[in-house]
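Input sequences plus hints: build the corresponding full structure.
Now for the letters of each chain:
Number of protein chains: 2
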Amino acid sequence: MSFDDQLPPKIRLLRAAAELLANSEGSAVSTRQITKLAGVTAPTLYHHFGDKEGLFDAVVSAGFEEYVAGERDFAPSGEPLEDVRRMWDNHVQFGLSQPHLYLVMFGNIRPESRPAIVADAEVLLEEMLNKAAISGQINVPPREAARSILAANVGVTLMLIAEPAEERNLELSTMTRDSMIFAVSTDTARGAAADDSGKSSVVVAAIALNAALQASHSDQLSSSELKLFLEWLHRISSSS
Amino acid sequence: MSFDDQLPPKIRLLRAAAELLANSEGSAVSTRQITKLAGVTAPTLYHHFGDKEGLFDAVVSAGFEEYVAGERDFAPSGEPLEDVRRMWDNHVQFGLSQPHLYLVMFGNIRPESRPAIVADAEVLLEEMLNKAAISGQINVPPREAARSILAANVGVTLMLIAEPAEERNLELSTMTRDSMIFAVSTDTARGAAADDSGKSSVVVAAIALNAALQASHSDQLSSSELKLFLEWLHRISSSS
DNA sequence: TAGCACCTATAGCGTTGCTATATGAAGTGG
DNA sequence: CCACTTCATATAGCAACGCTATAGGTGCTA
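Chains B and V are the protein sequences, given in the same order.
Numbered by the numbering used here, the letters in the first sequence go through residues 76 to 315 in order.
Numbered by the numbering used here, the letters in the second sequence go through residues 76 to 315 in order.
To be clear, the hints were calculated from the coordinates, so they are not data collected in a lab.
Please read all numbers here as calculations on a predicted model, not as lab measurements.
Please note that a few of the clues may not be correct.
Pairs count within a copy or across copies, as identical chains cannot be separated in the list.
[To be verified] Calculated lysine to any residue pairs in the SDA-like style (CA-CA distance at most 20 angstroms, straight line):
hint, residue 1, residue 2
1, Lys206, Glu246
2, Lys127, Leu95
3, Lys127, Ala103
Laid out in structure tokens, this is it:
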């Protein structure tokens with residue numbers, strides 16, 4: 076029942092709440108469950124934390140500080156934008172590993188209650204982006220870039236949490252991450268090059284693809300597949 | 076007390092819930108408040124909506140459909156990416172004008188109860204991005220681009236909602252919006268003409284062809300051929 | 001008129017977050 | 001050694017919550 080009789084009740088409450096939050100599959104967690112697991116009665120909870128939300132805030136702060144601490148332990152890689160990527164991934168990982176904590180933090184955001192944690196994350200990102208700005212890698216003020224990237228980061232994490240775990244596509248995260256970083260960075264190295272600007276029908280696209288495929292030796296298809304593919308492509312592109 | 080005695084209870088419940096949700100400043104809305112305002116008793120609510128969440132879903136759907144309807148009324152501007160921008164702004168506007176509805180929709184997302192509305196919004200975006208893909212303006216598959224942009228859109232809107240109304244900085248929205256669109260578009264109007272690595276022009280062409288094929292129901296290939304063809308195309312266009 | 005769906009109300013169950021009040025333990029000053 | 005305050009916990013219970021078993025009323029079809 077009560078799982079750690081030695082520790083002071085305040086800490087037992089924190090641990091019980093964290094454990095229940097982590098294990099509850101979407102369903103709400105009640106104060107009675109928490110106090111029972113902590114081996115404590117209701118008033119103790121309200122004495123120490125004032126509120127159910129106060130307890131959750133404390134749990135979240137603890138978890139978040141742990142996450143921030145791990146964040147700071149990353150020695151700067153010398154490539155600030157790479158560090159920003161790592162912070163992004165860490166953020167997503169944190170959200171996915173503790174979805175209920177995360178939802179308490181970012182999902183139920185209300186105007187009057189706590190941008191405190193958001194601000195912490197923002198500052199952390201901003202510091203890193205500042206390094207990037209110093210070496211001229213960024214074309215946007217670091218604070219604005221940090222806010223923008225963090226917003227996208229939160230959105231992606233929420234979307235991933237909302238998906239059933241088995242069909243979670245982390246590519247959504249990496250793609251959005253790189254899109255955001257690319258957009259604020261001064262490094263325009265990229266592929267693209269849309270030559271035939273303007274209207275492009277099936278035929279035009281097929282011709283373009285046909286030419287490009289033959290020129291580039293893509294290894295996405297086997298040679299036999301490629302042969303058939305090109306044949307079909309020819310059929311389409313000569314059908315005008 | 077009850078505010079619209081003529082209408083059927085189902086609609087009165089919807090309106091009462093909408094009104095309470097819109098006016099409640101962050102605090103939760105109870106079924107008792109709703110039924111009292113609607114001039115109805117509890118079982119009526121559960122008969123029509125099954126659930127408290129069912130009611131909220133219905134309210135949200137109604138509001139969202141209104142918003143989507145306004146969205147569709149925009150005549151396509153001929154510039155799909157410009158339309159995407161307008162959809163983004165509309166999304167943010169919707170969230171800021173009905174923050175509580177919006178939080179019900181996107182804030183409390185849980186793995187098991189994912190509102191179909193997210194999927195709707197995704198499809199809407201994807202359709203528009205498909206147009207952009209057909210004319211070769213996009214270097215990413217439309218579905219993935221839609222998911223990514225929508226995620227960022229949601230994140231930005233939540234962040235803006237979390238800020239006190241008087242210091243809301245809408246530039247966060249426009250900046251993130253343009254960053255995302257810029258990152259997925261082939262238009263590198265930024266200065267240095269990008270060198271194409273050859274492979275990525277294949278990707279762009281494949282994406283364009285893929286979108287065009289699905290839109291045009293070409294009869295150059297049999298359905299089984301087409302299926303395989305599209306699969307290969309997808310493989311090519313997913314290779315970064 | 002009888003029967004049958006559909007819709008709504010009465011009443012209340014079990015649980016929720018939270019608290020008024022009381023009790024025990026620990027320290028402090030005389 | 002004893003009052004006295006302070007902090008921490010327990011007993012017991014309130015009002016509000018989401019929700020439902022059951023029954024009654026209503027309008028339609030036969």
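So, going through the hints one by one against the coordinates:
no.: 1; hint: Lys206 <-> Glu246; result: neither (27 angstroms within a copy, 23 angstroms between copies)
no.: 2; hint: Lys127 <-> Leu95; result: within (13 angstroms within a copy, 24 angstroms between copies)
no.: 3; hint: Lys127 <-> Ala103; result: both (12 angstroms within a copy, 14 angstroms between copies)
Hint violations for this structure: number 1 only, all remaining hints satisfied.
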